[in-house]
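Engineer: Using the hints, position chain B against chain A.
So the sequence lines, in the order shown, correspond to chains A and B.
Taken in order, the first sequence gives residues 5 to 222; the numbers are from the working numbering.
Taken in order, the second sequence gives residues 72 to 328; the numbers are from the working numbering.
Be a bit skeptical, because a hint or two may be false.
Said to hold, decoys possible - Negatives, chain B to chain A, calculated, CB over 10 Å:
(1) 268
(2) 271
(3) 275
(4) 288
To be verified - In silico DMTMM-like pairs for lysine to aspartate or glutamate, Cα to Cα no more than 25 Å straight-line:
(5) B/291 to B/227
(6) B/250 to A/10
(7) B/250 to B/303
(8) B/291 to B/107
(9) B/258 to A/10
(10) A/37 to A/127
No wet-lab data here; the hints were simulated from the structure.
Just so it is clear, the structure is predicted and the values come from calculations on it, not from any experiment.
Glycine included, every Cβ here is placed at the ideal spot set by N, Cα and C.
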Amino acid sequence: MNDSHDPALLAGAFGGLEAAINRALTLAPASAKDLAEMAGTLIAIECTAPALIAFITIEPDGLLHLSGYSEQQPATRVCGTLSNFIALATADDPAATLINSDLEIIGNSAPLIALQQIVTRMDIDWEAPLVEVLGDVAGHQLAQLLRGAFSWGGHAASSLRRQLSEFILEEGQLSPPAAELEHFYSEVHALNLRVERLQSRLQRLSKRITERGAAHKP
Amino acid sequence: MTDQGHSKDTGADTTDFGFQRVKREEKASLVRGVFDSVAARYDLMNDLMSAGVHRLWKRFTIELSAVRPGQTVLDIAGGTGDLAERFSRLVGPQGQVILADINASMLEVGRDRLIDRGALSNIEVVQCDAQYLPFPDNSIDCITIAFGLRNVTDKDLALRSMLRVLRPGGRLLVLEFSKPTNELLGKAYDAYSFKLLPFMGRVVANDAESYRYLAESIRKHPDQETLLGMMEDAGFMDCQYHNMTGGIVAVHRGIKA
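Chain A on its own, in the form it takes in the complex (with noise of 0.2 Å):
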C-alpha cells in the first residue's frame, strides 16, 4: 500500500514521529511502564484516503517503533478514512467510538483500546526538560507559568462550552436537552417495537381466518 510513497521519505516522517512520541514517553514514565507490558504488540494502522500503513510496535522498555514495513502478522488492523482516526483518537469514548465509527478492525481490538487509554492518561511532566535546560529555579518558574496559562485555557474552553450549551438549550431553544432527546428516542423505539409486535399479531390473525375458511368450504 506504501508503494506510492517514497520509502526514504516515510522513513523520515515515522521516524521523527516515533522520536517525538518516544521523547513524550520518556516524560510520562507512568505509561511507558503500562506499554512495557504490552511489549511485542504489533498494530497495524490503515487508512484509506489518503492511502498509508503504519505499524506500531511496542518494544520491551515501553517506547514505540514506528515502521512502514513489517513482514509480522500485527495483533490488530485498523483500516479507516483519515477523519475516523483523528475522531477516535480524541474520543472520550474509545471503545464506543471504535463500534460506532467506519473502522473496520481485524484481529483483537483490546490492544487498540488500551494504547488510546493509556495515550489519553498520559501525564507528560513538561517541566523536567525545562529544568534540564535553564536550570531548576528558571525551569521551575517557566513550568508553574505554562502550567497556570494551561490550566486557565483548559478552565476558559470549558467555561464556553457550557456557556454555549446553556445558550443553545435555554436562551435560544434551537435544541432539546439531551435527556429529553434520549427520552423521545426511546419513547419512538418502544412505539416501534409496539408496531412490530401488532403487525406480526395481525398477520397471524389473518393466516388463521384464511385456514379456517379454507377448512369450512365444501
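Structural biologist: Below, chain B alone, put in the same frame as chain A:
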C-alpha cells in the same frame, strides 16, 4: 557477468575504478586507498553529502530486513558500524551481528564508535573480502551491504559468496546508489556529484580525488534492473527492489531458497 563496466575497454583482466580501467588485482588496493583517506570523516561526509538522508535509506533497509531476536546478521562493508549498532539491538543478547569490511581503517573507526556506545556485546568485527566470505555455508540469517557493492572487484563472485553463507530462507539486502528515475533529477544529481561533491570533499576532508572517485563509481555501478538480474543469476529468489529519493538510491532484496 563480471564487474559491470560500460567502458569500451572491457578486457577480462581489467575492471572499473571510477571512470578509469585498472587491472583487476589493483582495484582492491586502490579502493582501500580511498577509504583509508576518508575513514576519519566518513560519517560527517555522509551526513553532509546526503543532508542526513542516508539515515533514512538505512532505516528503511533495516525495516526490510525483518530481523528478529536471536538471529545472525552479517553487515558487509559495514564500515563505521551504524547499521550494525541498530541490528545489535534488534537481534538482542541471543543473536549475533558480524561487522565485516575489507578496510581496516573503516573497521577501526566502526569498532571505536561501537565501544564508545557500549554496543559490542553481541557484535563481532571481522576484516574480510566480500568475494571470499570466511563463514560456514548456511550460517547467516540476513546479510546487508550498504554502499559497498560498487567497490567490490567481482560483484557476481561476491553475490555467490553471500548466497553460500546465507541460511535457506535468509535474505540479502543491497543498499546502493542507483539510477534516478526522472531525467531532470538525473541532470541535477550529475551536477551535484561532479561539481559540488569533490568541492565538499576538498573543503571538509581535504581530499577532492576520493570524492570524485565516489561519484564516478556510482555512475559505473549497475542500474536497478541490471543488479536485479545479477542477483537472480547468482541464485537468489523472489528478488525485488525499492527506489528511494527518486531512484538515486535503491535497496534490492533477494531470498535464498
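Engineer: Compare the structure with each hint and give your call.
Structural biologist: A quick look at each hint next to the structure:
{"no.": "1", "hint": "268", "in the structure": "19 Å, holds"}
{"no.": "2", "hint": "271", "in the structure": "21 Å, holds"}
{"no.": "3", "hint": "275", "in the structure": "23 Å, holds"}
{"no.": "4", "hint": "288", "in the structure": "21 Å, holds"}
{"no.": "5", "hint": "B/291 to B/227", "in the structure": "15 Å, holds"}
{"no.": "6", "hint": "B/250 to A/10", "in the structure": "15 Å, holds"}
{"no.": "7", "hint": "B/250 to B/303", "in the structure": "19 Å, holds"}
{"no.": "8", "hint": "B/291 to B/107", "in the structure": "21 Å, holds"}
{"no.": "9", "hint": "B/258 to A/10", "in the structure": "20 Å, holds"}
{"no.": "10", "hint": "A/37 to A/127", "in the structure": "12 Å, holds"}
The structure agrees with every numbered hint stated previously.
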